[in-house]
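Position chain B relative to chain A; hints supplied.
Each chain is listed here by its residues.
2 protein chains.
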Amino acid sequence: MHRQGKRTIIFDSAPSITGNASVVGSVEGEGPMCAEFDRVFDDDTLGEESYEKSESALQKEALTRALKKAGKTEESLDFIFAGDLLNQCSASTFGMRDTECSFLGMFGACSTMALTLASAAVFTESGAGIMSAAVTSSHFCTAERQFRMPLEYGGQRPQSAQRTVTGAGASIVSLHRSDCPSIEKAVFGRIVDMGIADANNMGAAMAPAAAGTIADFFEDTGCDLRDFDYIVTGDLGFIGSELLRELLLKDYSLDIGSRHLDCGKMIFHRERQDVHAGGSGCGCSASVLNSYFLNRLKKGEMEKILFVATGALMSPTTSLQGETIPSIAHLVELRRPDSVRTGGNNNA
Amino acid sequence: MHRQGKRTIIFDSAPSITGNASVVGSVEGEGPMCAEFDRVFDDDTLGEESYEKSESALQKEALTRALKKAGKTEESLDFIFAGDLLNQCSASTFGMRDTECSFLGMFGACSTMALTLASAAVFTESGAGIMSAAVTSSHFCTAERQFRMPLEYGGQRPQSAQRTVTGAGASIVSLHRSDCPSIEKAVFGRIVDMGIADANNMGAAMAPAAAGTIADFFEDTGCDLRDFDYIVTGDLGFIGSELLRELLLKDYSLDIGSRHLDCGKMIFHRERQDVHAGGSGCGCSASVLNSYFLNRLKKGEMEKILFVATGALMSPTTSLQGETIPSIAHLVELRRPDSVRTGGNNNA
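Top line first, the protein sequences correspond to chains A and B. According to my numbering, the residues represented by the first sequence are 273 to 620, in order. According to my numbering, the residues represented by the second sequence are 273 to 620, in order.
Chain A extracted, bound-state conformation (with noise of 0.2 Å):
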């Protein structure tokens, strides 16, 4: 691999994703995102005690999944590459806890998915290991308790705030095949915080994190707009994504307009569902990357995306400390298979 520009990554060898899969909780089920899901749980608890251990089993069905459809099992597995929301992130370790793999812990909040897929290309390509899993999920049940207030309190929430989304994804990345989509580059994004400090308002806080790694993108590597069928951002948000094209376009003098498609808008039905801003939390760019987005490159109806998860960097402490919210944006290009020939640009 080589480095493009300032902060972008050029994987000269295009590690695949061999393998994805996205498991979410019945409340994801009935939004229009339904039938991508590989498993849709009708019971939230997954029949566990607690809803951290519900939580930790998503990530397991969702890591079994993907390496089923890879024709694989963990034992092929060099690196599990995991991170979530919880303190310790211990859905993580206790989701992954039987597996024998070498396992990395990660915390990127909302931008995990992209943190640990990139990072799973960079350690393939490097040639640490030739097969690598990309982690992670969010539970509803299990961040409004940690972040907000018990569940039983039955809070209002204003019109800004998002709702955490149940659910887990999982990408198997391993050296180049010809039939899967492929990672094509990455950049791990810097820390910022642009002042904003109200947890209920967290795409706004997190847009210019996406904003400033975008800009970095198209800056170091020359690309043009139009190269890419979508700008796929992880979790802005109504609010955070209307931002986000407002500053591209204001301090970067990109219109990213059409192409734009955010995962925390597409999960759940605006209206109907009563989500607010939308869907957030590291479940939520992850099982709609490792499902809807990945499904479609496969089959060629995509032929390159830009995948940009965002995460919001805080803890219930420093907020209450009054501390502002520090973001930060990691982006994955992400390609169609070479054996497949793309059936257009959605957007050309």
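Quick caveat, the hints were computed from the structure, so don't treat them as lab data. Here the structure is a predicted model, which means the values were calculated and not measured. Worth double-checking, as some hints may not be accurate.
Any copy, or any two copies together, can satisfy a pair, since identical chains are not distinguished.
[What the hints assert, rightly or not] Straight-line distance between alpha carbons at most 25 Å, and here's what the computed DSS-like set of lysine-lysine pairs gives: (1) K344 to K571; (2) K570 to K522; (3) K344 to K278.
Frame of chain A; chain B shown alone:
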């Protein structure tokens, strides 16, 4: 780089640690390592309004000093790998938020120094970048109130409990230089859970993970114990260290005997400082590695060491839910600079 055996990564180019620094709090400054540290803060608040902010300041101070010793500034850094024990790794995200570097948040609990150092070596040798920082911290006051009791409560702790170190360490990892210590090999550990549930006896929970990683390394590489001046574990403390030796002897026929040192045993005076089973926390192994050990490698007083940092991957929530403690150990082989002749293996 290439892989040897099941889990060991060989860094063919042997990236160097071109700068290292450690900064600690007042109690650590009264310990036997006092003269080794770059800075001892008499005031553990570092003048900040909260202990969480103090911990972030510790991390920033360690990074600044390591960069200065490397003769570099933040602008030279391609990546920062950082993590800590606080919920949502906030000591790192807030400590590093003013930097402009690509930021990769990692979670390995007290194994973080080895996790970030090994990751930085992979990224450097891979060509993803040419200079990275590996940074971590812990703070007695943030850990105590997050994991155990309010500080004012003054709870009694059992003799098996370890004291969280107030300290931070940073290493600057760059392309190989003949005048700096080098990173030769690494093992990213697997999660090991032997069913220990007592969060006041973490050394015991972590010892099997350390034993597994060390045994994997010797099996993979065929190295001889006598190739190393020391096997340095992170923070097993007095109880965990004993267990490690027993496990390695019994299960793997490896007698590490007098070649074993543990940062958790080294950082405090056991009797005089009333620290029970020794030191712990990400800052324990980070501060001792980035002072005592790297300084001795630099001078050739040691030739080669294995640095094996261990982490207990539980959270207060998982412990309250009756879960046992999954643990992990990551290993890095470090070598003196090419240009420095060795004063002889202290143990030979």
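These are the hints, each one checked on the structure:
no.: 1; hint: K344 to K571; in the structure: within (21 Å within a copy, 48 Å between copies)
no.: 2; hint: K570 to K522; in the structure: neither (35 Å within a copy, 50 Å between copies)
no.: 3; hint: K344 to K278; in the structure: between (37 Å within a copy, 17 Å between copies)
The structure does not agree with numbered hint 2 stated previously, though it agrees with all others.
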